[in-house]
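Same order as they appear, the protein sequences are chains Z and L.
Using numbering that gives the first Met the number 0, the first residue of the first sequence is number 0, and each one after it goes up by one.
Using numbering that gives the first Met the number 0, the first residue of the second sequence is number 0, and each one after it goes up by one.
There could be a bad hint or two in this list.
Listed next, the in silico DSS-like pairs over lysine-lysine satisfying Cα-Cα at most 27 Å (straight line) [what the hints assert, rightly or not]:
1. Z:Lys208 / L:Lys135
2. Z:Lys341 / L:Lys358
3. L:Lys323 / Z:Lys140
4. Z:Lys234 / L:Lys315
5. L:Lys394 / Z:Lys339
6. L:Lys315 / Z:Lys207
7. Z:Lys208 / L:Lys358
Keep in mind the hints are simulated off the structure, nothing from the lab.
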Amino acid sequence: MELKEVKHLRKPLMVSKISDESFITLFMLGILVIVFAIASVIVPNFYTAQNMLNLVTNNWFVIILGIGVTFVLITGNYDMSVGGNIALTGVLSVYFCQGVNVSQNALANGLGLPYPVAIGLALLCAMGVGAVNAFFIAKLKVPSIIVTLGTMMLARGAAQVITQGAQRNTSLPDAFGVLGSLGIPGTSIRLAVLVMITLIIVAYIIEKKTVFARRIYLIGANPEAARLSGINVGKYLTALYILSGLLAGITGILLASEFKAGVSSRAMGYEFDALVIALLGGVSITGGFGSVLGMFVGAIILSVVTSAATGMLLSPDWQFTLKAIVTFLAILAQRFALDKRKS
Amino acid sequence: MKPTENVLEIRDLVKDFPGVRAVNNVSFDIKRNTIHCLVGENGAGKSTLIKILTGAYARTSGQVLLNGEEYSPHSTRDAKQKGISTLFQELNVVDQLTVEENLTLGMEDTTFGFLRHTDKINRMMSVMNDIESSIKPKQLVSNLSVAKKQIVEIAKAVAAESNIIIMDEPTAAISESEIARLFTIIKSLRDNNVTVIYISHRLDEIFELGDYVTVMRDGKHIETKPVSQIKDRSELIRMMIGKTVFEQYTPREGDCPNTILEVKQLSNHRLNDISFDIHAGEIAGFYGLVGAGKTELARAIYGVDPYEGEILFKGKKLKPSPDKAIAAGIALVPEERRSQGLFTILTIRGNVPVMNMGKISRNGFINDATERNVTLEYVDKLKIATSSIEKEAGKLSGGNQQKVVLSKCLFADADLLMLDEPTRGIDVGAKSEIYNLIRRLSREGKTIIIFSSELPEVMNICDSIYLLYDGKLKSTLRNNCDCDSEQILHIVTGGE
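Bound-form chain Z, shown alone:
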């Protein structure tokens, strides 16, 4: 009997529209198409297959970071430490496997560990930065923006100490450059890009399908109600910051391998790029709302603008300004559209 009633009710209740998250992603996809069309008309040689591929592949590092940053942002927190973490991990991956006492130059001497061990340890350190973030944010309840700005400087500072403010690039094992140079021959698709695509797919499935992700949204939507609903908020924040640290670590190792060097000034400002593409993709800065796919679209929009600005031979300062204007307008349009849909 009850089943029958439910069936009777189901019809009117099931007339469901797409979710607000999908709406924003589609909306930003629309903006992407417009920006792309404009760029194709204005910029010479923009509308080519190779360039379109580059739009996706050139930004793999920001997109990988964006995954962690997006999840953290959905809980209503920030992770500004990812840029510094990349530098630190890259430098450590070098330092750990540089030869022992091979030179008078201190920057050529490392710990002489095998490369797999070196990257394993470097990744652990990257997650350690995440764990430090989590400790202060989840346990001591310090606002995440303060904590992660602190660890951002701390991680980069440590990288500078290890490289004496410069870089380490000598006495490396042959295996060091392999990860960064692997790729599909004849294309710009390298291992890093494949890693990025895999991570995006995995993150998308996690976000849409798992209890883990659902609880992340709950925490962001209302942390107090989440706690009273039996969610161990600290545990989830800890997991996410460690995850975000791990993603930064992977990026750091791939970048170091690609350049065969651990550079202390690597990835300056990437934390802001990752934040910007998440916001461009519709992730709410107050938490509880957003999607990885949206972030991905946001990253491509930013990529189109950057690439178009380069193609127009604008000077770097004007490139930066153009990026700022487009980003600002796009986020405004997005908020406006969402408000309109909700009212």
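Fit chain L to the given chain Z structure using the hints.
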């Protein structure tokens, strides 16, 4: 102009909120230079009335005359300029500033935006000094006790030449000796041409302090009388509860012999040595006025706030954390629906299953169809009025929001369901649906504890009633239809 005898005349005042008339045709006078007490149960309409007088709410209809002239403030600032100041329970002082700075806040004398030291400060400090000489002008307000902060606010009101000062439960958070001092000050205010409107749940204070008392009930004015003409507490209590008929409660057939929850010597910052047993299958009700410790007790049992003492559930010691409580079989419907219960920006579907995700998932992956069906089932079962389960929960009406929170807790499949103010702020229809639901759950074998500041609610559905006052468990009684509501009110207002 000759001052009128009545400083304030309220005529046919009405205030409507969606679905409820909070103030219903209220008319009474407040005589000049008296201490006029305002009493009534929670929800009687006192606060709404006060908020109209202070300009926080606009009236729906009716008239208020201040000194014989039409009075209709559009903000608290406006009310203050017209001579009515208010001491709210949430004190309006700035901790980081000194006493002197607090006193002149908002009315500083300035030259080109720079502060000027003028007579005003001296005048205010002399007012302050007359009232309480131990408070120094350069002292930081954060170092003062709550009582002294109140005195700073009173001084501010006096210095602003208010002729009416409204005090909303000023003694709720201060000590006995401070209360005595406050009363002396209130009396001297009256003797110096200030009318005080005094709101309190502590009836003894009315007799000690009041010249007149107005009783309100269910938004209506019941009576205004000189306090001297009231015989004793019970007469006042009778006026407060009236001839409320506590219908519908039918005593439970048979006993509930098995203890499910044992609370032993529970204490924390707001609770004082509370012990009791709850039996499996019963509906227990904790009744007390605002500040009695109901919410604090619910939160302690649920493991939200720390405590000393021991709580056993089904014979096992309960670990103090909400996720452990839920795992053991306890669910809480919190007091503050929007901030503690509901995920307002998520959909109904996003809210209902959150306390029992295991039931809609396998190996951590959510089964969308199960999730939808579960949500639909609860929407149907609790008659949640919505066009779609994809609707944002925050956009539902109060009653439907509460039903979503209830669904959430019911889906947790708990054996013990705690409901903190389950019907606050929702309309009569939804209220009775919730009562029916509670009875049905009890018949299905669930144990229910209700924490409520509404006596009819507790009398209506609870098998046993626990009375709280000031963080202490004062009395326990079985509901046998002829419970003495006067006696109950006597106890929860601090009577022995």
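Going through the hints against the structure:
no.	hint	verdict
1	Z:Lys208 / L:Lys135	63 Å, violated
2	Z:Lys341 / L:Lys358	31 Å, violated
3	L:Lys323 / Z:Lys140	21 Å, holds
4	Z:Lys234 / L:Lys315	25 Å, holds
5	L:Lys394 / Z:Lys339	15 Å, holds
6	L:Lys315 / Z:Lys207	38 Å, violated
7	Z:Lys208 / L:Lys358	14 Å, holds
Going down the numbered hints, you'll see the structure goes against 1, 2 and 6, while the others check out.
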